[in-house]
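Once you've looked at the hints, go ahead and assemble the two chains, each given alone in its own frame, into the complex.
For the record, the sequence lines run as chains A and B.
With the numbering used here, letter number 112 in the first sequence gets 112, and the count goes up by one each step, no holes.
With the numbering used here, letter number 5 in the second sequence gets 5, and the count goes up by one each step, no holes.
It cannot be assumed that every hint is accurate.
Said to hold, decoys possible - Sample of chain A residues lacking proximity to chain B, with all beta carbon distances greater than 12 Å (derived): (1) 40; (2) 68; (3) 71; (4) 87; (5) 130.
Unchecked claim - Stretch by stretch, here's where chain B covers chain A in the computed footprint (C-beta under 8 Å, at least three residues): (6) 12-19; (7) 23-36; (8) 140-147.
Honestly, the hints are just simulated from the structure, not real lab data.
Glycine residues also receive a C-beta, built at the ideal position from the N, C-alpha and C atoms.
Single-letter residue listing:
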Amino acid sequence: MFCDEVLELVEAIAAGDLTPDPRVMTHVQSCAGCAAALAAARRVDGLLKQRTTPAAPPQFTTRIMGRIRRDRWRRDQFLDLGFNLTVGVVLLFVLTGFWVLLSQSGLGGISHDAANILGSAASDLMHRAAPSLPLYLAASAIVATALGVWWWAEKDA
Amino acid sequence: MQPVHEHELVERCRRGDEGAFQELVNQYKDLVFAIIARTARDASSAEDLAQEVFLRIHRGLPYFRGEARLSTWIYRIVANVCVQEQQGRKPVTQSLDEGSLDRRAASSSATRELSDLILRDRLEKAIARLPANYRLLVAAHYLQGVRYEDLAEALNLPLGTLKTQLHRAKRQLRRLLETELK
Numbered sequence: 001m002f003c004d005e006v007l008e009l010v011e012a013i014a015a016g017d018l019t020p021d022p023r024v025m026t027h028v029q030s031c032a033g034c035a036a037a038l039a040a041a042r043r044v045d046g047l048l049k050q051r052t053t054p055a056a057p058p059q060f061t062t063r064i065m066g067r068i069r070r071d072r073w074r075r076d077q078f079l080d081l082g083f084n085l086t087v088g089v090v091l092l093f094v095l096t097g098f099w100v101l102l103s104q105s106g107l108g109g110i111s112h113d114a115a116n117i118l119g120s121a122a123s124d125l126m127h128r129a130a131p132s133l134p135l136y137l138a139a140s141a142i143v144a145t146a147l148g149v150w151w152w153a154e155k156d157a
Numbered sequence: 001m002q003p004v005h006e007h008e009l010v011e012r013c014r015r016g017d018e019g020a021f022q023e024l025v026n027q028y029k030d031l032v033f034a035i036i037a038r039t040a041r042d043a044s045s046a047e048d049l050a051q052e053v054f055l056r057i058h059r060g061l062p063y064f065r066g067e068a069r070l071s072t073w074i075y076r077i078v079a080n081v082c083v084q085e086q087q088g089r090k091p092v093t094q095s096l097d098e099g100s101l102d103r104r105a106a107s108s109s110a111t112r113e114l115s116d117l118i119l120r121d122r123l124e125k126a127i128a129r130l131p132a133n134y135r136l137l138v139a140a141h142y143l144q145g146v147r148y149e150d151l152a153e154a155l156n157l158p159l160g161t162l163k164t165q166l167h168r169a170k171r172q173l174r175r176l177l178e179t180e181l182k
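Bound-form chain B, shown alone (with noise of 0.2 Å):
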């Protein structure tokens, strides 16, 4: 979005426009429910955190100095979502050879398709097995259009050690799929 129709987005929100803030909801709903939907570890409670993260937005949008992009603070706001979703929450444990899809049903058909299909449950398995932050981090990074600079912005964390925290987020992946990428 451009800042200038940003800052303005932002002007007539805080003014109480609701077809303005309507029209925020219509432009981050699909980044802000992504990013939820592949963090989260209920998925069918992903709708009801998008809910509270555009709440927050509303409810924040009169101290919203503007000093960040607004994309920035929303994916703050995102993140604190997620990270408040985990607290409580038992660590996942479940083995990556769970699940409806059999490993010895694609040795039988053979099947590349179905290799594939296997192998994509098992890395949302394995993505469900990683730390809160580094599986935000893997929500986020590959979304169209979210750049390593807003993510390290919004998280408070150096370019540096994103990009480090990522790294290590993928290691994590490529050894729990070590047997199915060989």
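Only chain A is shown next, with the shape it has when bound in the complex (with noise of 0.2 Å):
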């Protein structure tokens, strides 16, 4: 009975958490069990303080903050996304609204013409800049390929 208090010690023992009392001291010296086991234990306690402590690959801290950089531009794409859904939706509503508003209030047919009005501007104008279109067009490219390289670099970043 004895053996198996003190094997249930020998770890604690064996790894100097435990400062056994002279009772279990003199019932290992004269136990080979018990003493068998205390040197097994203390035998495990040194294999395991051994133990070969893998280091971080050379590159890790490269790659981790990579990753980091692409996570937190994911999670930005998301948030411009969410921001962007929702000013569309309070958009579409402010629209409909306006549009409900005015046909109850029987506003539509002076909106209707202030639509001509400016269908009519719209029209002219078009007209006017038709000489100039090319210049816009290349303005407007080079606008957009300059965010393109800006969004690539972000994607990259």
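Listed below in structure tokens is the structure:
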């Protein structure tokens, strides 16, 4: 029975977590089984202390920083998308409300006339701007390219 | 790490200072990697899991209140990642005799070095047969600088329970290696 009690303690004694009372040590000295168990426990403790400590691979920090940047970019994109969708939905609600208000208040007729005026003004503007259209297109292409390069650089960052 | 420096580093990370986070990674990468490499059953996944730990640290830093030490909080994340990695994996049933090192070779050459090598090989296999929580304890406890108190706090265990579990883990190892240790 005493052996069972001692065998429960050998790991704690081997690790130095427990100072055994003299009764236990006297038993260990006289019992071959418990002495072997204590020696084995000390050996296991020693082997565990000698285990090799694997070090992180050399490029670990660079790789994790890259992964964090990608993760942050993805989260930013998600937030941007959410923000844009919210703005779109709010705008849609405002326009719908405006349209309903115009229809119900009878101001729709007036707004129809206003739309005609705006349409003819836009058509006139288009006729005037037509000769400069290639210039506008080129400027738009430059702006689009610049935005594309910025997006690509942010994506890889 | 000094608590003042630790607090400052966390604050810089929270402000989005990339250099501060890089410093944090450099300070903890070896410790995190070592615990994971020793605990994960699939050693090839150790780097992915270690990256996952730092990703969680980065996401969680804004919510880190600083009530525990940073290292304790990091151990807790490591423990969660390791436990999640174990879920869904089959328990190891590999025999301690399987593998490249043969006991007969040791007896024939009778060299102490080789028998030590074999013993270490068997120890690793015996550790792989331990339950995940015991494996994590054994992996973390025997790393330099990791204290009982930090582990107990990280794993939400009373100090006495942690020590008891560690002793039980080692008792299992001793029993698994009984023949080799004689």
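### Task
Could you check the structure against the hints above and give me the numbers of any it violates, in ascending order?
Hint check: 1, 2, 3, 7, 8 fail, others pass.
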